[in-house]
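**Student:** Spelled out from the first residue to the last, the chains are:
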Amino acid sequence: MKPAPFEYFRPTSVEEAVALLAEHEDAKPLAGGQSLVPMLNFRLARPAALVDLGGIDELAGIRVDDGALVVGAMTRQWDLEHSPEALPLLREALAHVGHTATRCRGTVGGSLVHADPTAELPVCALALGAELVTSRRRIPAEEFFLSVFTTALDPDELLVEIRFPTPVGPTAFLEHSHRHGDFAVVCVARSGERIAVGGVGPTPVLWDGGAIDPVGDLFAPAGYKRDVARALLEQAAAA
Amino acid sequence: MTRWVGQSIPRREDLPLLTGRGQFVDDVPIANPLHVAFARSPWAHAEIRSIDLSAALAAPGVAVALSGAELPDLTDPFAAGITHRLAYYAMAVDRARYAGEPVAAVAAESRYQAEDAAELVIADYEPLEAVVTVEDALDPAKPSLHDQVGSNVVVDRTLRYGDPDGAFARADLVVTETLRWERYSSTPIETYGVVADYEPASGLLTMWANFMGPMTLLPVLARSLRMPEEKLRVIVPKDIGGSFGIKSSLFPYMSVVGLLAMRAGRPVKWIEDRAEHLIGSSHQPDRVGTRELALTNDGEIIGLRAHVVDNLGAYVRAPEPATTYRPLGNYVGPYRVRDVELHLVDVVSNKVPTGPNRGYGCQQVYLETERTLDEAAQQLHLDPAEIRRRNLIPADAFPYETPTGGVYDSGDYPRVLELALETARYTELRAMQAGARDEGRLVGIGIGLAVDPSISNMGYITVALPPEVRQAPGYNPKSGAADWAQVRVSSSGKVVVTMGTAPQGQGHETAVAQVVADELGLTPDDVATIDAFDSHTSVWSVSSGSYSSRFAGIAAGAVRKASGVVKSQILEIGASLLEASADDLELVDGQVRVKGSPDRSVSLRRIAGVAHWDPHGLPEGMDAGIQASEVFHMPSSAPPTDDDRINSSHAYGFVAEVVAVEVDPVTWRVTILEYASANDAGTIINPKLVEGQTYGSALHGLGGALLEEFRWDEDGQFLTGTFADYRCLTAAEAPRIATAHVETPSPFTPVGAKGCGESSSETAPAAVANAVADALRPLGLKPSHLPLTPARLWELARS
Amino acid sequence: MIEVAVTVNGVRHERRVEPRLLLSDFLRHELSLYGTHVGCEHGVCGACTVLLDGRPARSCLALVAQADGGEIRTVESLSNEAALHPLQQAFHEHFGLQCGFCTPGILISALFLLEQNPDPTETEIRAELAGHLCRCTGYAPIVDSILAAAATLRG
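Chains as they are written, first to last, in this note's numbering: chain A, 1 to 239; chain B, 240 to 1038; chain C, 1039 to 1193.
Simulated from the structure, these hints should not be mistaken for lab results. Even for Gly, the Cβ is constructed at its ideal location relative to N, Cα and C. One or more of the hints may lead you astray.
Label pairs and their computed distance ranges (CB to CB) [claimed, not checked]:
1. E193/A with H1024/B: 40 to 46 Å
2. H1024/B with G1193/C: 48 to 54 Å
3. N1155/C with A963/B: 23 to 29 Å
4. P379/B with E143/A: 54 to 60 Å
5. E365/B with R1093/C: 49 to 55 Å
6. N1155/C with P165/A: 27 to 33 Å
7. E348/B with V1049/C: 25 to 31 Å
What the simulated footprint calls covered on chain A by chain C, stretch by stretch (three residues with Cβ under 8 Å from a Cβ of chain C suffice, anywhere in the stretch; the number is not a length) [what the hints assert, rightly or not]:
8. 5 to 18
9. 98 to 109
10. 205 to 216
Calculated cross-link-like contacts (lysine to aspartate or glutamate; reagent style EDC-like; alpha-carbon spacing at most 16 Å) [stated by the list, open to error]:
11. K470/B with D773/B
12. K28/A with D154/A
13. K927/B with D1182/C
14. K717/B with D822/B
15. K477/B with D773/B
16. K927/B with E1131/C
All chains, please: the whole structure from these sequences, using the hints.
**Tutor:** Here it is in structure tokens:
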């Protein structure tokens, strides 16, 4: 399974990357590649051009700023997981994200932009009320995830960093997956009063305390997801 | 005096593999090959109106291409052992019959370019209604895949032994269970691979392929290519990355790559990718099986009936329908029942053709029997272990002929069952279960027993043909199980063993060195081993290869036989040099010496020196050198009788397993709490190698029973095309397995060893299915559809 | 075509390649380092795992272009003529391999695991191994091998 041909660019600044995305119709940014490269290999994704963000040093890094944990979009998941500043919620969630080798390459921003409905980091971002800072604006997590694999980003807009506010109150992360390291069937992240759930719809959603009406998939019928989600949500609420 | 057989010496195969120096088919050095990619049908069932390769041929880097439409001009359909003449070509000719079926092949300078070009193949399809499930295939209203057949039932045989009707009429209890098992496969981590090179002046087609037999398929392949067998040279690379039967089905792809090599005038290479492997290699059939057991009130099984439908996929690919017939000799398993009726049906449908898969037919038979027996135990208020005890063939009954013609060579089933129960601490497990049930936890314990057949008799497949066909004039019967080895002593006194078993990681060379070391009074380090199948130079027969766990019995048997002949030669030369009688001599530590007078000795090196450097000094009548090339053939290997009895295998091991599980009532995940396995594989050559086969085969069985599943929608679209969708158990889910052994040597194999490569793949599904059924019994739920995925158990709970 | 320069097992290589060339194919077919195996090309089986800048990476999920300027270690770098790496020795002694196809990727991941965690528990090892598929061993002998290697490396 080999990718279809594409042009390749390796900019060294955000401006350069944005310009390339604007200039080339059907160009995609390449972050860690752990989600995009499999799709290239299956030829499910066939961008005319790839803009490799790996050479933009300013996009990686972790700092604390004004009470928020600020994580550069190209920060590798493994680096965040093992960073002393990491929020416990993020650390717990990251342990469920794929496997060591995929976390060493996969990026925090990449996972958020890929917006898989069962992914852990989007659920955490929603629960924490994170702010996604792009090359041109700031988008709250509630407005960022629009649908399956679809975010509010424009094609020539780059996610630059994510601001995770310090949680107020208890935090918890819970996941049910069929095998260790699999995508979640259902995952739940709690930050104080905010509880977000993933795997029950096209995007992660904030739980309003009411009934969950999930969409089923190949391995988990809707009712199954409902039962699992209910159990995890009760557990999270009691944490 | 045995010193090395029975020891767990580390493997000589390891060092190249650990240091990245394995030689798998994609590593074989070949100059500048073209690379192949396939265009495959997106439709499960469709007429192919036309196929246009012109754009593909014009693509960058492309050298040659071949469409399925050309194949009837170039090849003959592959032979298969059924009465109907289905035309099975290596690619779809005018009709695609499974999603993923190759319709064309392109060869280009790189695999990347070949895939680009394959996308440019234009095929005009007219979709037809798809036939997907067993029920679809049995439905006369559905289209038939092969016009020559007229329906989708390709084999339908009823086999009767004894008086099953009488047994069922007088039974105190009849228990019936129907089990449905979806498709799975052993999915080795190395995929299929073929490199082909054609030499036009001599007409020799050479192929390197990770094909492990049975070598019956080489004449099948040659005949299909319209080539004499000796013009087809198949070389198996030193290393194969697992097969478990799956790589038997490689041969149609070998045909395509060979044809491309002939067309291109250059070597051509195809390495299958994982997507291709999942959709288009080989699967175990999906199956619906009903078992009826007739029992007395004491729990004695007096009658057994089976009604089975195996779904072979779009074509019957040799050696199918062997899935259905391979277990014939051991169909009754370890039980004494004599009155048996088997209604065996094979159907075709729009899925990839099936083939051998670890366990090959046995895991299905034992799932059906063991589940039904557990339900009988429930109804008779007998412990599942006890009902089995009451039915086991006793230890003094061997060799034991089963009603279906199997000859069980040796065994002590009661002892192995007790050992499994002890190893599992069965009484404590039941007590634990009782306590867990009081807490409302779903804990279950299951037992699975299997008579594990090894060394297939090639004649068993012919039972798929009705007796009238087999009795007709001009019919040539099939039988046989043989293999070959050469043992020689080099001019410097080193022992070298050559064989061609096509191993896939089982450690054959290590085991053989142990056998020869014992035979010739050496250490394994003194024994060099070469395992290299080359159809040009290996002495092979159609039954050669590593499948049906035949190595320890047959191949090691041939090695033992050859080393025995070499030993006689050594002793004869030694007798001459020592002026003693050969009967007074022994081989110890590389010396031939007079028994009782160890100072009267001569080294093997000296003896080899005479044989090679001064053959004039040899005893009269002896040839130069010291070597023996021997074929070991199972003498009991006969074609089926006219009443459909056959000894389908030649050695029969026994496996008894006890599994404890807990089922989570919310997630419906099955967690294995305990797994105990007691195994009798006859004489054990290397215990750690056997243990490795237990662990690996158990994981394959557990995967197929719990989570691994190939899925299609009602239009035959394939849904599980990645390793994220086809889910193998990982190390995090895999249990620790407590193992124990009994050895009842086979009287029929030279080393007394039986195969063990499939073992737990045959028992794990039965044991874990029984455990899950036991766990769910308090809820009044009875699972009968495998794999027992969380989704399926949840649906069951809802129903 | 693009220019890439990668250092593999201590040796620097410069090549002109198509941007879409996967690192796994580059290592195997450009550099003839056949020890890294390809099992799935979508990042699940782990057979292709190498160290990229000291961290495990699925080479089937990396374009060689992404590794430009980087340092790669493959299984071939674990031992020298003198001796096997303790991990390799442990796998040999504990029957941690059968067909050997998944083994190189597991050795690389185990190497990194033991660097990060010199005294892992069986549960931690199994969690790590969940990123690798083996169809031969049933995993227990691999766990035993890694536990043994960890003990040896701790001294």
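**Student:** Broken hints, numbered, in rising order?
**Tutor:** 10, 14
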